[in-house]
Amino acid sequence: MIEKTSMTSSNEAISKAPTGIKGLDEITGGGLPKGRVTLFLGQSGVGKTVLAMQILARGTLDYGEPGVFISFEETAEDLAANFASLGYDVPGLSAEGRLILDYIQLYPGAFYEAGKYELEGLLLRITNIVDKIGAKRIVLDGLPALFQGFSDAGPVRAALIRIVEWVKSRNITCIVTAENEAEMARQGIGRTISDCIVLLENIMENNIATRYLSVVKYRGSAHHSDRFPFLITDGGISVLPVTSIIMDYAVSEERLPTGIEALDSMLSGGYMRGSSILISGGSGTGKTSVACHLAAAACERGERCLYYAYEESKSEVFRNMRSIGIDLERWEKQGLLRFHTERVSHYGLESHLVNIEDMLEAFKPGIVIFDPFSDMQDIGPFFQVKGMSQRLIDHLKSRGVTALFTNLSEGDHASPATSIGVSTVMDTWIVLRNHESVGELTRLLYVLKSRGTAHSNRVREFLLTEKGVKLVEVYMGPGGILTGSARDLQYREDGIELENRRRDIEHKKRELENKRRMLQAQIDALQEEIREAEMELKNDIAFSEEEEARIRLRQRMGQQQADKGEAHTVEPG
Amino acid sequence: MEGYRSCQRALENLADVCERYLPGHHSIEVIDVAVNPEVAASEDILAVPTVIRTAPLPALRIIGDLSDRETCMRLLGISDHE
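Those protein sequences? They're chains A and B, same order as listed. Sequence positions in the first sequence follow the numbering used here and run 1 to 573. Sequence positions in the second sequence follow the numbering used here and run 1001 to 1082.
Keep in mind that the hints were calculated from the coordinates and are not lab data. Check before you lean on any hint, since a few could be wrong.
Simulated pairs of lysine to any residue, SDA-like, Cα-Cα distance not exceeding 25 angstroms [said to hold, decoys possible]:
no.	chain 1	residue 1	chain 2	residue 2
1	A	Lys-168	B	Ala-1041
2	A	Lys-467	A	Thr-233
3	A	Lys-132	B	Val-1035
4	A	Lys-168	B	Pro-1037
As the structure is a computational prediction, the values presented were derived from the model and not from experiment.
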């Protein structure tokens, strides 16, 4: 967060002297206050002197401001050696009148005190050196040592105030280093002389020491008030720049080949550039192989790849990859692949970030691989690691770098959740699993998620061949997924089964046909019976009807005769 | 200026002591560091006034205006029963 402090009444923006250290210039909003005093506070060994030296050197090399380094603690030879170890040519710079180192010696018992005195000699010495090269920057390193030399703080304090006044009048940017404020305050010169205070700390977290820097005060200027991690490296101090944490970054539509053809299809063309990819799986599932395919594919295109190997040695990885047809050594020789092996426990989480940032700046890779990233859980609690990975990913995305993380999942369970909770911040998540069936161990791969990509959700069998990783279709058997020889076996069995069933069906069809015919014949017979019966009945009915008619006729005739009144006996005719 | 006055006093005090207790056996050389700043650097002169007794050895330094007569004499190794 940025703390706004009140601006000077004249409403002029404070003029700043850039430090030349990227992250620090950002944190201070442009550098240290020009022509004013900045106090660097911190314990011995935390890096105040290195920081001061670097700012002085960069001042003359990058900004044409000659500098004077005055130490009250180290000899000139030691100073020169320290500067040289940072890569600066002190004799050369001195000869050119761009840098002067001076050691002002104070030792107890060097003199006796008898009466009043002033530190005129000190003033003269400093002003002379400054004037000699027209210095615009000055460092007073280990200033409190000055107070050790004299029993009376009065003259020292007075001299200091005069020095500060003089420096300000000449618009020279002044850096004073001291171990802590109490030291300074004791002599009555605490906060008043400095316009800006930078605190350097070495903090122990989880048994790992990380260096932090924070701007505690900056009169007249807005500044970041958070603590920022920094490293002391060969070239001096590295501070993680703030802008790397900004989430506003452009997204690309470009697809990067994964190096595995079938996987490219599953991901609609490959990994999206600038995205974060997680490959999780148990031990020996093939994560490194997937990672190295990406590396090789990138290098083939001429893109640089940065590979952090936290578990295996370089020769191990190279050898293993050679056995599946990937030649990483070749890319390393060509300078396209930068391979780092280290144990994560060598650094704290913050220091890892700074380290990676340095590498990104120096090597400018398009792809970064962390194998396995899950090792980070060894150096911090869950939430810290998760926080760090989010920052890392934001950092990488803001640079448009595609990042691949492998994660070792303990145990081969079906739930692939990572122990460090990073899956939620990843764009693509590919799971590798070992699969046992019929006494054989095979490997499976599936894409669990891929933001912004239409991806296949099919499970594939993952094969390591001499020509690299190959993905093949799996076979669904009655018990579930089948791979390898179990698949072949099942396939054959299924074939036989199919054949059997077919025959079975044929047989049944024939049976049905027979039955039908049989029944049909029965039906025909019955129908025939019905017809005959009908016929018979019809005849019977016809005969009966005739009889009936005859009887009726007889009846009618009889009746007619009765009506005629004659009783006749009717003789049968 | 205060510094200048201290130097004046130191010189006066020193001269007085030497005249009184070491007549004819002393010599005082005055170096103005404002005029010769390289001396300040080479001799590591920080405080002014600084009195360096070059003889008899060992050489010793005293800073201050020497207003404390007793201490001054004691440090310089001058006793008053001479």
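*Regarding the pair Lys-132 (chain A) and Val-1035 (chain B), is the alpha-carbon distance no greater than 25 angstroms?*
16 angstroms, holds
_Does Pro-1037 (chain B) sit within 25 angstroms of Lys-168 (chain A), going by the straight-line distance between their CA atoms?_
With a Cα-Cα distance of about 22 angstroms, the restraint between Lys-168 (chain A) and Pro-1037 (chain B) holds, given a limit of 25 angstroms.
*Assess, step by step, whether the Cα of Lys-467 (chain A) is no farther than 25 angstroms from the Cα of Thr-233 (chain A), and give holds or violated.*
41 angstroms, violated
*Hint consistency between Lys-168 (chain A) and Ala-1041 (chain B) [alpha-carbon to alpha-carbon, up to 25 angstroms]*: Holds, at roughly 23 angstroms.
Checked against the numbered hints given earlier, the structure breaks only hint 2 and satisfies all the rest.
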